[in-house]
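Protein chains: 2
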Amino acid sequence: MNSLQQIASVLKESDNILIFPHVNIDGDAFGSSSALCAALRLMGKNAYIMMSEDAPSNLDYLEHDYITRDASVLEKTEIALMLDCSGYDRIRGREEEYKAGRIKICIDHHATVNSEIEYDYYHCEPQSAATAELVYLLIKELGVEINLEIAESIFTGITTDTGNFQHSNTTKRTHMIAAELYDIKGFGSKKISSLIYDRRSRDEFTLENIVLSNLTFYADGKIAVGTVTQDLLDTLGCNLSHADPIIQRVMSINGVEIGAIIKQNPEGFFKASLRAKSYANVAEVAAQFGGGGHVRAAGCNLGENIGEAKFKLIDALTKAVNV
Amino acid sequence: MNSLQQIASVLKESDNILIFPHVNIDGDAFGSSSALCAALRLMGKNAYIMMSEDAPSNLDYLEHDYITRDASVLEKTEIALMLDCSGYDRIRGREEEYKAGRIKICIDHHATVNSEIEYDYYHCEPQSAATAELVYLLIKELGVEINLEIAESIFTGITTDTGNFQHSNTTKRTHMIAAELYDIKGFGSKKISSLIYDRRSRDEFTLENIVLSNLTFYADGKIAVGTVTQDLLDTLGCNLSHADPIIQRVMSINGVEIGAIIKQNPEGFFKASLRAKSYANVAEVAAQFGGGGHVRAAGCNLGENIGEAKFKLIDALTKAVNV
Chain A
1 MNSLQQIASV LKESDNILIF PHVNIDGDAF GSSSALCAAL RLMGKNAYIM
51 MSEDAPSNLD YLEHDYITRD ASVLEKTEIA LMLDCSGYDR IRGREEEYKA
101 GRIKICIDHH ATVNSEIEYD YYHCEPQSAA TAELVYLLIK ELGVEINLEI
151 AESIFTGITT DTGNFQHSNT TKRTHMIAAE LYDIKGFGSK KISSLIYDRR
201 SRDEFTLENI VLSNLTFYAD GKIAVGTVTQ DLLDTLGCNL SHADPIIQRV
251 MSINGVEIGA IIKQNPEGFF KASLRAKSYA NVAEVAAQFG GGGHVRAAGC
301 NLGENIGEAK FKLIDALTKA VNV
Chain B
1 MNSLQQIASV LKESDNILIF PHVNIDGDAF GSSSALCAAL RLMGKNAYIM
51 MSEDAPSNLD YLEHDYITRD ASVLEKTEIA LMLDCSGYDR IRGREEEYKA
101 GRIKICIDHH ATVNSEIEYD YYHCEPQSAA TAELVYLLIK ELGVEINLEI
151 AESIFTGITT DTGNFQHSNT TKRTHMIAAE LYDIKGFGSK KISSLIYDRR
201 SRDEFTLENI VLSNLTFYAD GKIAVGTVTQ DLLDTLGCNL SHADPIIQRV
251 MSINGVEIGA IIKQNPEGFF KASLRAKSYA NVAEVAAQFG GGGHVRAAGC
301 NLGENIGEAK FKLIDALTKA VNV
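Residue numbers (this note's numbering), protein chains in the order written: chain A, 1 to 323; chain B, 1 to 323.
There may be inaccurate statements among the hints.
[Unchecked claim] Derived SDA-like pairs (lysine to any residue); straight-line CA-CA distance at most 20 Å:
{"no.": "1", "chain 1": "A", "residue 1": "LYS191", "chain 2": "B", "residue 2": "GLY163"}
{"no.": "2", "chain 1": "A", "residue 1": "LYS190", "chain 2": "B", "residue 2": "PHE217"}
{"no.": "3", "chain 1": "A", "residue 1": "LYS185", "chain 2": "B", "residue 2": "ASN169"}
{"no.": "4", "chain 1": "B", "residue 1": "LYS185", "chain 2": "A", "residue 2": "LYS185"}
What the hints contain is simulated information worked out from the structure, not anything from laboratory work.
Full structure from sequences and hints, please.
This is how it looks when you write it as structure tokens:
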């Protein structure tokens, strides 16, 4: 493990830097990538975010001209920096470009590290609420003055990864950093919050209402299950990512210990997202289906024959809530 | 206007204190009342929260044995302290008990002050995100060490009044205080957040889904209107307060500038809650119907004949979004 100070020194000495956020990019991966890219450019460096997919449309304000899909935008990659992840499966489709970096750096806050990855410098703080916290500290080490754009990117990472300062990963440092962002002229949470949360399409909104109106409850209401089929997505012109926020809403119901959303992918296969409120171990349930995750948030594949798989899943979930 | 230091001095010299939070008590009014009551009792004082209604069930963890409906629980009211409000209409049904206080104090963060109220000491900071922030500072002036219960009460006030640190009232100080709460052993946002937000009854959840599934859109989707009738509430065993969170969800829809929820009270009369996202002035619209409020959050009564009133309201709202 290297200090952020060490990593800052290496970054200072290099001019061409590619940042690799994780696949299924989220507010923290994108927010911390944009903040770091902005800071490096303020230092006069050639810096880009290497992506192979589109970012969620509600995060469009983070894009600027930072994104590239082609590593050759830089003459050579002096530094390849994996951000908010630690594994080749998390930078799918961009592994070779990362490996081509002369110096490889990895900065993350996830506890699970893929032991196969190569790096020259590595900094991981699982107790950090968001990678954006680490990038904030790194930018200070770089000596770059935080401007409004950087502040808004950092805030995006922190507020999305902490569930707006509500999740158990939130710490004193999280709030201390948020407090410091208010020192930057023009900064306010409302603007960013509206961009992130208040631009859901009417179809996405309808999707959520339909799924939530058709929840099925099991085990005396301790389990709530919703289903998102491709038919429904097609009808509404939605894609699977639009179904992501639904499970959070399921967890607000009194008595629900486990929430499950079963989602069908475009190839017809089903997968389940599982959340537990306070005591059930959904990682164990997911493992029974070849999946994995955290104790209170996990996922697994259910195959093509949803009828049978769902029956088995409900059975396993019922055992998990009746421990 | 008096300083919190002055108010702390007065509180220190008195033994019998009644706290008056506002009607339709919310997280900030209740959280700050509970925090102050706990602190005063730690100082050995007789302190109670005077209420005339039931608190929302999700705030039950703030109750302890602080609540009284009878001022005579104290031999005499040395201090009557109006909290999170500044007007007799905001302590409806308890005006006489407040007036009977030998010393009257008012601590608030709302900009609108009812000029009729009497007070000996008055402290109002409209730029404070929550009254809980002011109570936190007051408790420090009182010299009471913040314990876990007080920290959780303060957090309740702050997080509910700032929409989880997302609303524009959130400031550097808001986050600084939240950061300090983490110094108290055992404090974590997740526990409180779950108590506040994750105990909605299935009927309340169904109410929200029904209203949101039946929104009507006007002015090219810039206006979204939902309706909550007593019939619907009766069918689901819900009351009007269960409809309060719905408007927040309406505002998440892309393109919606004004959200309106029309609610029927048990006497059959309709009122409208209005929210604007970024530019429309709903206080002006509300004023046309004899109501009032803030520029982006207001309310008004629509009478018994909803058909005609709704027509006029939509007309006024359309003018407000097409400025």
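Hints breached by this structure: 2 and 4
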